[in-house]
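Enquirer: Each chain is listed here by its residues.
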Amino acid sequence: MSNVSTRKRGLPNPLQWIGAAVIGLFAEIGRLSVFAAKVKFAAVTPRWYLGQVWRQMVNIGFYSLPVVGMSAVFIGAALALNIYEGGSRYGAEQFVPSIVVLGITRELGATITGLMLAGRVSAGISAEIGAMRVTEQIDALETLSASPYRYLYAPRFLAAIIALPLLVLVADVIGIMGGWLVSVYALDFDSTTYLRNTIDFVTNEDIIVGLIKAVVFGAVIAIMGCYQGDRSEAGATGVGRAATLSMVGAAVLVLAANYLMSTLFVEIGL
Amino acid sequence: MSTPILKLDNVKKSFGSKDVLKGVDLEVQKGESLVILGGSGSGKSVMLKNALGLMTPTAGTIWFDGQDVTKATGRTREKMRARIGMLFQSGALFDSLTVWENVGFRLLQVDKMRRKDAKEQALETLKKVRLGPDVADLYPAEISGGMQKRVSLARSIISKPDLIFFDEPTTGLDPITADAINDLILEQVHNLGAAAVSITHDMASARKIADNIAMLYEGKIIWHGPADIIDNSGNEYVDQFVHGRAEGPIQPAI
Numbered sequence: 000m001s002n003v004s005t006r007k008r009g010l011p012n013p014l015q016w017i018g019a020a021v022i023g024l025f026a027e028i029g030r031l032s033v034f035a036a037k038v039k040f041a042a043v044t045p046r047w048y049l050g051q052v053w054r055q056m057v058n059i060g061f062y063s064l065p066v067v068g069m070s071a072v073f074i075g076a077a078l079a080l081n082i083y084e085g086g087s088r089y090g091a092e093q094f095v096p097s098i099v100v101l102g103i104t105r106e107l108g109a110t111i112t113g114l115m116l117a118g119r120v121s122a123g124i125s126a127e128i129g130a131m132r133v134t135e136q137i138d139a140l141e142t143l144s145a146s147p148y149r150y151l152y153a154p155r156f157l158a159a160i161i162a163l164p165l166l167v168l169v170a171d172v173i174g175i176m177g178g179w180l181v182s183v184y185a186l187d188f189d190s191t192t193y194l195r196n197t198i199d200f201v202t203n204e205d206i207i208v209g210l211i212k213a214v215v216f217g218a219v220i221a222i223m224g225c226y227q228g229d230r231s232e233a234g235a236t237g238v239g240r241a242a243t244l245s246m247v248g249a250a251v252l253v254l255a256a257n258y259l260m261s262t263l264f265v266e267i268g269l
Numbered sequence: 000m001s002t003p004i005l006k007l008d009n010v011k012k013s014f015g016s017k018d019v020l021k022g023v024d025l026e027v028q029k030g031e032s033l034v035i036l037g038g039s040g041s042g043k044s045v046m047l048k049n050a051l052g053l054m055t056p057t058a059g060t061i062w063f064d065g066q067d068v069t070k071a072t073g074r075t076r077e078k079m080r081a082r083i084g085m086l087f088q089s090g091a092l093f094d095s096l097t098v099w100e101n102v103g104f105r106l107l108q109v110d111k112m113r114r115k116d117a118k119e120q121a122l123e124t125l126k127k128v129r130l131g132p133d134v135a136d137l138y139p140a141e142i143s144g145g146m147q148k149r150v151s152l153a154r155s156i157i158s159k160p161d162l163i164f165f166d167e168p169t170t171g172l173d174p175i176t177a178d179a180i181n182d183l184i185l186e187q188v189h190n191l192g193a194a195a196v197s198i199t200h201d202m203a204s205a206r207k208i209a210d211n212i213a214m215l216y217e218g219k220i221i222w223h224g225p226a227d228i229i230d231n232s233g234n235e236y237v238d239q240f241v242h243g244r245a246e247g248p249i250q251p252a253i
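In the order they appear, the protein sequences are chains Z and X. With numbering that gives the first Met the number 0 applied, the first sequence corresponds to residues 0 to 269, in that order. With numbering that gives the first Met the number 0 applied, the second sequence corresponds to residues 0 to 253, in that order.
The following block holds chain Z by itself, in its conformation from the complex:
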């Protein structure tokens, strides 16, 4: 009797609910994969809108410099302090410069840049494209024989995968300087020795690892922004939801991709 009344009230069967969620997840992964493939195809085949790529590079790269620089300097500084605090327990304070440079170039420079841009850029792209979708501007593009994949999405994708590595290089330098500032002015390190240790320890491979990650993060951030914007539903709520989903999705995927790539690089000895 109670089962009957429960069904009548429409409470979901847990198995049905789980099944629907799993199917929904796979469907979403499928849609996102098809969308990403179309964007990549548009990015590597003509026709290119180079003016749009340049405009997006300024938007994604240049205007992100302050937020990336500020984040990197504080992360570098905090990293130096924590390594000093932990290292001093074992008399290993001298390793601060080498661990800071390793942590920044291989991991934090790229990850912090990726996370900051997931917020600033991915959500921004999604809101802009979402607004264009709901005001029929994307339909208008198609009627004017301009593919939104080529005119809107590919330029953002190309700009992001070019701008992210450049931003990561900036973040690396500023992050290391953040560590240097704290080490020299708060922890009494000798400036010349600190910088000498930093330069001696870092390798080209460490920098390359960060740059490879940056390219992947750029792709993730641009594709998530474009995908959620393209699927945006009508109204302010729809556009807002698209921006939130793109930001959260991009941030999670940046962290997941970072872990997978770190594992791969360790495995192959890079």
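Hints were generated in silico from the structure; no laboratory data involved. Please read all numbers here as calculations on a predicted model, not as lab measurements. Just so it is clear, CB atoms sit at the ideal spot from N, CA and C, and this is done for glycine as well. Treat each hint with caution, since some may be false.
[As the list claims (entries may be wrong)] Cross-link-like lysine-lysine pairs, in silico, DSBU-like; alpha carbons within 30 Å at most: (1) X:Lys111 <-> Z:Lys39; (2) X:Lys111 <-> Z:Lys37; (3) Z:Lys37 <-> X:Lys78; (4) X:Lys11 <-> Z:Lys37; (5) X:Lys78 <-> Z:Lys39.
[Claimed, not checked] Computed far set for chain Z versus chain X, every beta-carbon distance over 12 Å: (6) Pro13; (7) Ala35; (8) Thr134; (9) Arg149; (10) Asp189; (11) Glu204; (12) Thr236.
[Unchecked claim] Under 7 Å between C-beta atoms, here's a sample of chain X residues computed to sit facing chain Z: (13) Leu51; (14) Glu77; (15) Arg80; (16) Ala81; (17) Ser89; (18) Ala91; (19) Phe93; (20) Leu96; (21) Arg105; (22) Gln108; (23) Val109; (24) Met112; (25) Tyr216; (26) Trp222.
We have chain Z; now place chain X onto it with these hints.
Expert: Chain X alone, transformed into the frame defined by chain Z:
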């Protein structure tokens, strides 16, 4: 009889379990101005998007000058679209571009014309819709709704299309501006010799710009005839719509 510029053959469109178009048959001849009437939610915009190739019908075929729109891809579709203009209900102007860049968008971005030449043509076209060069460098947000409609009209005619779609061209405009837009539509369609398909529920606009009128109700064309007999259509649905009565076979969408 010549090939119609647009032909919809038993076009159906469903979204999940909801059937929006239930078999639309329609023909538009070259140079003809057809107005499609229909209440809110009758499927007018969906029909238009299918005809434009922005949506794919669930069943049926759409022909543009003898070519199957639903099967056209790549360059074929691009060439087809170059012969079709569209004025969107909201204007759908690109808000990151200036007025003249909107009007000359196809010339700049698709035809890769030099900026100087594209601007010259855009200014010429703006003149045709009674807009001067003083608005050319403004952004869409800086001009009125009526001006935005004119800019959108200019964008839709700049490539001298053979068929122009108008999606509720007078919605949201005051009666005087709406009448001015109707005059411009008539004038430009006449000058180009293009066919026009307009969807509207503004009867004043329909009477002014239509050669023929069709009425869409519950996903089907229920009446199709010359504009001058719309008041004596002999169809109770059309009569109710034309006279704007709440009582009748059509239930108000509230």
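Enquirer: Now tell me if each hint is right for this structure.
Expert: Verification of the hints:
1. X:Lys111 <-> Z:Lys39: Holds: Lys111 (chain X) and Lys39 (chain Z) sit about 23 Å apart, inside 30 Å.
2. X:Lys111 <-> Z:Lys37: 23 Å, holds
3. Z:Lys37 <-> X:Lys78: 21 Å, holds
4. X:Lys11 <-> Z:Lys37: 28 Å, holds
5. X:Lys78 <-> Z:Lys39: Since the Cα atoms of Lys78 (chain X) and Lys39 (chain Z) sit roughly 24 Å apart, the hinted pair holds (cutoff 30 Å).
6. Pro13: 25 Å, holds
7. Ala35: Consistent with the label, Ala35 (chain Z) stays out of reach of chain X, its closest Cβ about 21 Å off (over 12 Å).
8. Thr134: Check fails; 6 Å does not lie beyond 12 Å.
9. Arg149: 10 Å, violated
10. Asp189: Correct as stated: the minimum Cβ-Cβ distance to chain X is 52 Å, above 12 Å.
11. Glu204: Label holds. Min Cβ-Cβ 41 Å, cutoff 12 Å.
12. Thr236: 18 Å, holds
13. Leu51: Because about 6 Å separates Leu51 (chain X) from the closest Cβ in chain Z, which is inside the 7 Å limit, the hint holds.
14. Glu77: Check passed: Cβ of Glu77 (chain X) comes within 5 Å of chain Z, closer than 7 Å.
15. Arg80: 5 Å, holds
16. Ala81: 6 Å, holds
17. Ser89: Hint on Ser89 (chain X): holds, closest Cβ of chain Z at ~6 Å, below 7 Å.
18. Ala91: Hint on Ala91 (chain X): holds, closest Cβ of chain Z at ~4 Å, below 7 Å.
19. Phe93: 6 Å, holds
20. Leu96: Nearest chain Z Cβ about 10 Å off; hint violated.
21. Arg105: OK, holds: Arg105 (chain X) within 7 Å of chain Z, min 5 Å.
22. Gln108: 5 Å, holds
23. Val109: Since the shortest Cβ distance to chain Z is 5 Å, the answer is holds.
24. Met112: 13 Å, violated
25. Tyr216: 24 Å, violated
26. Trp222: Interface hint status for Trp222 (chain X): violated (28 Å vs cutoff 7 Å).
Checked against the numbered hints given earlier, this structure breaks hints 8, 9, 20, 24, 25, 26; the rest are met.
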